[in-house]
Amino acid sequence: MAAPAIIHVTIFAVYPILRGAGFSLFRMNLMQPWLHRFVGLRNYTDALSDPAIRHSLAVTLMFTASCVAMELALGLCLALLLWTDNRFNRVATILMLVPITVTPIVVGLIFRALLDPSFGLIGYWLTWAHLAPPQGLLGDTHTALMTMMAVDVWEWAPLAALILLAGLKSLPADSLDAAAIDGAGPVAKLGRIILPMMLPSIFLVLVLRVTDVFRTYDIVFAATGGGPGDSTNLLMLDAVKQGLQFFDIGYGSAISILMTLAIAILAGVIILALRGLDRRYNTL
Amino acid sequence: MSRRLSLLAQRTAIVLALGLFLAPVLWLIMTAYEPSRAIQSTPPLLWFKPSFANFASIASNFDLSRLTLSSVVLSAGSTLLSLCFGIPCGYALARTRSRSAVIIAYALLAIRGVPTVVTLIPFYLFMQRLGLLGTWWAVILMNATLSTAFVTWMMFSAFQAVPPEIEAAATLDGCTSFGAFRRVALPLVQTSVIAAALLCMMFAWNDFLNPAFLTRAETRPLSVALLTAFGGNTTSGWGNLGAMAHLSTLPIIAVALLLNRYLVSGLTRGIH
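Heads up: the protein sequence lines correspond to chains A and B, in order. Just so we're aligned, residue 0 is where the first sequence starts under numbering that gives the first Met the number 0, counting upward by one. Just so we're aligned, residue 0 is where the second sequence starts under numbering that gives the first Met the number 0, counting upward by one.
Next comes chain A alone, as it looks inside the complex (with noise of 0.2 angstroms):
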């Protein structure tokens, strides 16, 4: 009974795959068909060597480190107030799904929107105030990653309060009283022992969010479309030009390919570090 979707899965996902890791060792432009030749590593060195593809990866790493230490906090905060199973909590748990389920493309064009400085209805007021330069918040190249950071920090923190609100109804409550009982305060609970019970939960935020945030593509490219300059040039964002605009078959597979073992590497590093935190806590 498994076969039909590995069939389905190994035609339409592996062997492109595949494909996309071969074209990335030839140089194939469909622009200019007759310049297709075997290049062996080339795209690779050219894309490391690339100043642009460089600083997109900066870019995306501090896009990613900052979104998800963002998104944890946030939502381990939002997670704590909620954690008492009540009436009023149980409603502002599903209303928080609202950014969740909105459009990508849609969250990006309403920032886009509301922080416009001469209409946007906080834009307006931000420059107003000389809280935010003239341009709009999105405009200037110093402040527009940090507010695309927040755009996705807005759309996915409820995700990580979710999950972490799951951790934390699931810890047993005997523990839990032990510790009060022992004359624990608030701090002392949650860093000894709610937040290394909850290592499960945070681990799944991480990887999720990690390998997510890595590859935005939607919420940038209808905000800014990686402007102002450079400043929010996101990888995704130089994969899909090079790839589906320019039609740098080669090149453009050649940066896919560079993503998705940085993705693997950052992936196998939470885990390994998660496993390593785990095994300190919970054999103590």
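Incorrect hints may appear among the rest.
Among the chain B residues that face chain A by a calculated CB cut under 10 angstroms, a handful are [stated by the list, open to error]:
hint	residue
1	L19
2	G76
3	I86
4	I103
5	F125
6	A244
Simulated restraints, written as ranges between beta carbons of each label pair [said to hold, decoys possible]:
hint	chain 1	residue 1	chain 2	residue 2	range
7	A	W127	B	R260	16 to 26 angstroms
8	A	F245	B	L258	36 to 46 angstroms
9	B	V101	A	S117	55 to 65 angstroms
10	B	R260	A	G228	44 to 54 angstroms
Derived by calculation from the structure, the hints in this document are not laboratory data. Where is the CB? At the ideal position from N, CA and C, for every residue including glycine.
Given the coordinates of chain A, work out where chain B should sit on it, guided by the hints.
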């Protein structure tokens, strides 16, 4: 007394957070009814006389029924296809004793983690050769593949929680093994099936990158048309965006809030 104060502080924090999460969406709804003269006022207004001009404008510029039809076909098609592939596969993997089942399940999960661009470029050429480029099939096949991996993974863990003894009992009572799957195991994992279907549907409905490159004018869905409606950040674009979001975004929010139980169970376990 201090207990009450802390409860008050907690609730204020929650209300403030919800305000931040909901306000941009409320603005989006509001701006659909705002005449473009009001949108262009400085300072920006919070109150205006509502009008339906933006709805009239998108209705005359876009073939709305065609766009909605595309969105429905694309999300229903890829959801159905991935459920048909993913549920039996998850079941088979959960019932196999061999270690390779776990490896296959993790491999499918890893495929979900590959950025779409990697597959999108070869997939584009593949569909071109099959003559499917620009048709609904191209997007359905693409999304169904990613979602099949996800559904398989979710159903794999759901079926693992069902003890095989129940099915063995059904087989003894004269059920075929397919009957045991359909009549005994499947009803027990109903919640996971609904959760998986809901997430597949949301993913396909909100997807932008795949349909943007794999469809043409007659087959494109709402998510792609939104960007055209918005235009170059003109104020008339904001009204159009708000109006079109009534078709593209509000339905999915409504469905998600109605089925919130399944959405939460899918998301908190989930991989999407």
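Discussion item. Is 55 to 65 angstroms respected by the C-beta to C-beta distance linking V101 (chain B) and S117 (chain A)?
Written reply: 57 angstroms, holds
Discussion item. Please check whether W127 (chain A) and R260 (chain B) have a Cβ separation lying inside 16 to 26 angstroms.
Written reply: Roughly 44 angstroms apart at Cβ, these two residues miss the hinted range, so it is violated.
Practice prompt. For the hint on I103 (chain B), just tell me whether its beta-carbon gets within less than 10 angstroms of chain A.
Written response: 7 angstroms, holds
Worksheet item: Quick one, is the I86 (chain B) hint okay against chain A at 10 angstroms, beta carbons?
Response: 9 angstroms, holds
Worksheet entry | Hint validity - G76 (chain B) Cβ closer than 10 angstroms to any chain A Cβ | 14 angstroms, violated
Practice prompt. Hold the hint about L19 (chain B) up to the distance rule: shortest CB distance to chain A must be less than 10 angstroms.
Written response: 7 angstroms, holds
Worksheet entry | A244 (chain B) as an interface hint toward chain A, with CB separation required under 10 angstroms | Nearest chain A Cβ about 6 angstroms off; hint holds.
Discussion item. Quick check: does the Cβ-Cβ distance between F245 (chain A) and L258 (chain B) fall within 36 to 46 angstroms?
Written reply: Cβ of F245 (chain A) to Cβ of L258 (chain B): about 42 angstroms, so the range 36 to 46 angstroms holds.
Item to complete: Go through the hint on F125 (chain B) and say holds or violated, using the shortest Cβ distance to chain A against 10 angstroms.
Response: Given a least distance of 6 angstroms, the restraint on F125 (chain B) holds.
Fill in: Range hint compliance [Cβ, R260 (chain B) to G228 (chain A), 44 to 54 angstroms]
Since R260 (chain B) and G228 (chain A) have Cβ atoms about 46 angstroms apart, the given range 44 to 54 angstroms holds.
In summary, the numbered hints that this structure violates are 2 and 7.
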